[in-house]
Amino acid sequence: MLFLHQAVLTPTRAAASLPGMFPSLAERGISLRRGELSMIAGPPGSGKSSLALALAVRCGLPTLYFSADTTRQNVEIRVLSMLTGLDQKQAEQTRNDDPVWASQVLEAFKHVAIEPNSSPSLEYIENAINAFREFGTDPAFIVVDNAQDVAFDTGDTWQALHTLMRELRWHARATNAAMCVLHHTRQESFNGQAPPLYSLQGKISAVPAMVLTITNDQPGFIGVCPAKNRFGKASPQGTDVTWLSYDPATMTINDLGEAA
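Numbering (the working numbering), first residue to last: -10 to 249.
Treat the hints as calculated values from the structure; they're not laboratory data. The reader is advised that the hints may include incorrect statements.
Distance windows between CB atoms, simulated [said to hold, decoys possible]: (1) Pro12 with Gly74: 19 to 27 Å; (2) Ser92 with Gly34: 26 to 34 Å; (3) Val89 with Arg155: 43 to 51 Å; (4) Thr143 with Trp90: 44 to 52 Å; (5) Tyr187 with Lys222: 13 to 21 Å; (6) Asn165 with Asp86: 37 to 45 Å; (7) Gly181 with Arg122: 18 to 26 Å.
Even glycine gets a Cβ: it sits at the ideal position worked out from N, Cα and C.
Generate coordinates for the entire structure from the input sequences, incorporating the hints supplied.
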């Protein structure tokens, strides 16, 4: 236990935020902070995994990605597309024809470990984090994709989600990682705006320090809104959206005007 006047003199283990955030988002005070739980939420198919994978590539730090929502092979194809600009069909074909080429390209993603269990339990998540740490470093970034794929013994889905949020926050504090969980909002149109905070399934916005809701209902773009932000301005109604360019075929996300 430390009093604040002592704690402020204690060296921190790492910077407060992950590097590599898109500049247009960083300018708005949007960051994934280490030691905190953040959430990326949106309707199915809105680009949650695309954004999380892009942030994993951009940060360049040790990352543990729980890919319950898709297979390891699909993650490989998505990242190959992201790194090469090939569409996913071309990336898959080239990967199959030339796995050595694929391995060389994926060297740029070697800081990321993929856990493809389709229904991880809380115990599985804890064991995977501990196994990662046994390699001699704490993860800087942990992604759980997504919340509703985590397995619980209880039949109460909403209570399970609340428990998950508290457990993930605990792991964020214990590892000093930026913990990010992906989650669904209701599947409906919000007329060019991002989903509001109240649209989260399970009403589990209390625990995360940051909730980014996203939309891709404008072709060629993905909109990101800080529906909750303990460290800056928030827009709970989803109205204050920052637009990034987005090509789902190649999984490419960029700031507007940023080189691909």
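| Satisfaction of the hinted span 19 to 27 Å by the C-beta atoms belonging to Pro12 and Gly74 | Between Pro12 and Gly74, where Cβ atoms are some 21 Å apart, the hint holds.
| said: Between the beta carbons of Val89 and Arg155, is the distance compatible with 43 to 51 Å? | reply: Given range 43 to 51 Å: holds, Cβ gap about 44 Å.
| Distance restraint hint 44 to 52 Å, applied to the beta-carbon atoms of Thr143 and Trp90 | Given range 44 to 52 Å: holds, Cβ gap about 46 Å.
| said: Verify the CB-CB distance for Tyr187 and Lys222 against the hinted window 13 to 21 Å. | reply: holds (18 Å)
| request: For the range 37 to 45 Å, tell me whether the beta carbons of Asn165 and Asp86 fit it or not. | output: About 42 Å separates the Cβ atoms of Asn165 and Asp86, which means 37 to 45 Å holds.
| request: Starting from the range 26 to 34 Å, see whether the pair Ser92 and Gly34 falls in it by beta-carbon distance. | output: holds (29 Å)
| said: I want to verify a distance hint. Is the separation of the beta carbons of Gly181 and Arg122 within 18 to 26 Å? | reply: About 43 Å separates the Cβ atoms of Gly181 and Arg122, which means 18 to 26 Å is violated.
Consistency note: the structure conflicts with earlier hint 7 alone.
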